[in-house]
Amino acid sequence: MTQTENIQELDIPKLVGASFKADNLPIQTGAMSAVQAPPTKVHDILKVILDADKKSALTTISCLDLGENLGVYYHMRLTKGYFTIKTEVPKTDPKTQTITDLLPGASFAELEGTDLLGVTYEGNLLSGHFMLSENWPIGVYPLRKDVNMAEVKLVPSPPQEETDDPNVYKLTIGPQHPALIEPEKLSVTVEGEIVTNVEPRLGYVHRGIEKATESRTYLRDIYLVERVCGICNPSHARVFVAAVEKILGVDVPPRAKYIRTVALELNRLHSHLLTLGHACLEMGFDTLFQYLWRDREPIMDLIELTTGNRVYGSLMAIGGVRRDLNPDHIPKIKATLETLRSKLPGYRDTYQNDKSLRLRMQGVGVLSRDDARILCCVGPVARGSGLEIDVRKDEPYEAYGEIPFKEIVYKEGDAWARMNVRMDEVGESISMIEYALDHLPTGPIKVTVPRIVPAGESTAAIEAPRGELFYYVKSNGTQNPDRVKVRTPTYANLPSFLKTAIGQNYADCPVNFVSLDPCFSCTDR
Amino acid sequence: MTRHSFSTKIAKEAFSNLFKKRATEKYPAVPANVAEGFRGKQVLNLSNCISCGLCARECPSNAIEMVVVDGKKRPLIHLDRCVFCYQCADTCPRKVFETSKVFELAVTDKSTLVIKPESVSPAQVAPPAPAASSTQ
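Sequences listed follow chains A and B, in order. Counting in our numbering, the first sequence runs from 26 upward without gaps. Counting in our numbering, the second sequence runs from 2 upward without gaps.
The hints are simulated quantities; they were obtained by calculation from the structure and are not laboratory data. Treat each hint with caution, since some may be false.
[Unchecked claim] Listed next, the in silico BS3-like pairs over lysine-lysine satisfying Cα-Cα at most 27 Å (straight line):
no., chain 1, residue 1, chain 2, residue 2
1, A, 431, B, 10
2, A, 236, A, 210
3, B, 10, A, 380
4, A, 357, B, 21
5, B, 42, A, 471
[Stated by the list, open to error] Rough simulated footprint, nothing fancy, chain A against chain B, three-plus residues with beta-carbon under 8 Å:
no., stretch
6, 42–49
7, 82–88
[Unchecked claim] Reference excerpt, derived from the structure (chain B facing chain A, CB under 7 Å, subset only):
no., residue
8, 10
9, 32
10, 36
11, 39
12, 61
This structure is a prediction, so every number in the text was calculated from the model and none was measured. Every residue, glycine too, gets a C-beta built ideally from N, C-alpha and C.
Based on the sequences and whatever the hints tell you, model everything.
As structure tokens, then:
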């Protein structure tokens, strides 16, 4: 216990400053806590932080075009808050060292930077494309500012690699597959029934949203980033506006905070019920699938009632919310939630104890606590492995600091634990919405903000239904942002599948995969 | 925790559903129940319009085009591009845009998917106004 208390008191910027006193590294505070370091030092700083803070991990690596140089920003999640290690590499020779020896989960973040901005990580090299389509020319990096998109000429796709080894048998899941709602390809190598290797191919629904935000105003960007993902759209909108509010130094009125919390928790309810149902569908338990989705429908109606639309609520605005909660609707919201609550014990009992569900999920895709940390897992996947990370508790935003709720953690680390984290969170979310509605403050719902955002940068994170959703926003003092980096929860959780699937039955792949609650629309952006 | 059994709760739920009202709705035979404040097809109060063009400038999906009607600039909404966020209503200084519960917008010809300012121009809106006053 004393050890965890010590960790909470740990001042990482101070620690980094003290450990590298001789180098005299400039420490930045304010909207974003950061240290500026040469590329050779990043690995050492990272190691110091990982050793000092036992819950810390990499959130993502933001690469950005700074003119002469390319910025490579390593965003670290700490026990409390976030810390960024900034480094710069020359555009002519953008090379740096990989950190995948410390954190294997950083691999995807590095490869994305290689594909979109051309930063090469020695030790983690990319052949072909990672995020972009096969017919995109090699050596053209779309997120660099000097690329003229109109002049990019697409090239013919290279032929698919065929393996000649008769002992290697490859099965392909996707891009179109009944178990996946969205397009993504997993090449699974099998020996008999046992999986020996998994290679993912991302980017089938890459829409270039990060690039598109740079040519739109902040106001338009809210609606654009909301469309990164259909299911968790209020989370994307809220985390973007929160990052911009941090740069502006704007405080949101208390009533707006509560309304945002209600919207976010309603969203979590519908997302969790969706995925719990979808998992049942994968396991062939169609009855429970139908019941869960039937009970999700009244929640969708509540979202329509509170925001004006079933899916895209468009509720968030910089400085508050766009629509007030009508007091006449509160009894209806409460009654609907009460109906759902009365049904939960039956569903929970089934999920926990039903023989066929247990046989399908228990011991499938076991992820240990240490692996969950070094693979940088987030959300229910990390909590299902006993790793207590929840942005709502660690870094309370909106009204979460004032609302009592329990952090759901399971120790088993298998698909069963991950699904039961979500099942228990449904009950917590209902209580949280009821508490928020009972304690709704009065007052304004929005403050007026200037159209032009001053130069600056900030990070914001939120516990989306699938886990920690992270945005990095850089403003250059104009109407449009300079860089918006989106790190979605599924992107962080995918590396864990590549590990847990190996050694398992091929037939368990879909259940293991669905237990991550994957969302590729998010992943590919 | 170690109890392994087929859940009886699901069987009970399934049985009780035999006597309950169906969960699905008989749409389209029965019109869908749309929530109050739903953001559906726009209704334009063009008599309020001051031709400022802010709605067109702020529209996130460039769905609004300013066209000249009777020598004045008026908004024309391309519903095929519209995402129904109603930023136009937030931006408008004169409350020209109002929500409606109309959501059935499927057409076979995409070019008809526009709200033209002509169809609700002040000249055409004018007749109902005296009718409303006559009922007083």
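Hints versus structure:
no.: 1; hint: A:431 x B:10; in the structure: holds (26 Å)
no.: 2; hint: A:236 x A:210; in the structure: holds (24 Å)
no.: 3; hint: B:10 x A:380; in the structure: holds (13 Å)
no.: 4; hint: A:357 x B:21; in the structure: holds (21 Å)
no.: 5; hint: B:42 x A:471; in the structure: holds (26 Å)
no.: 6; hint: 42–49; in the structure: violated (count 0)
no.: 7; hint: 82–88; in the structure: holds (count 5)
no.: 8; hint: 10; in the structure: holds (4 Å)
no.: 9; hint: 32; in the structure: violated (15 Å)
no.: 10; hint: 36; in the structure: holds (4 Å)
no.: 11; hint: 39; in the structure: holds (6 Å)
no.: 12; hint: 61; in the structure: holds (4 Å)
The structure does not agree with the numbered hints 6 and 9 stated previously, though it agrees with the rest.
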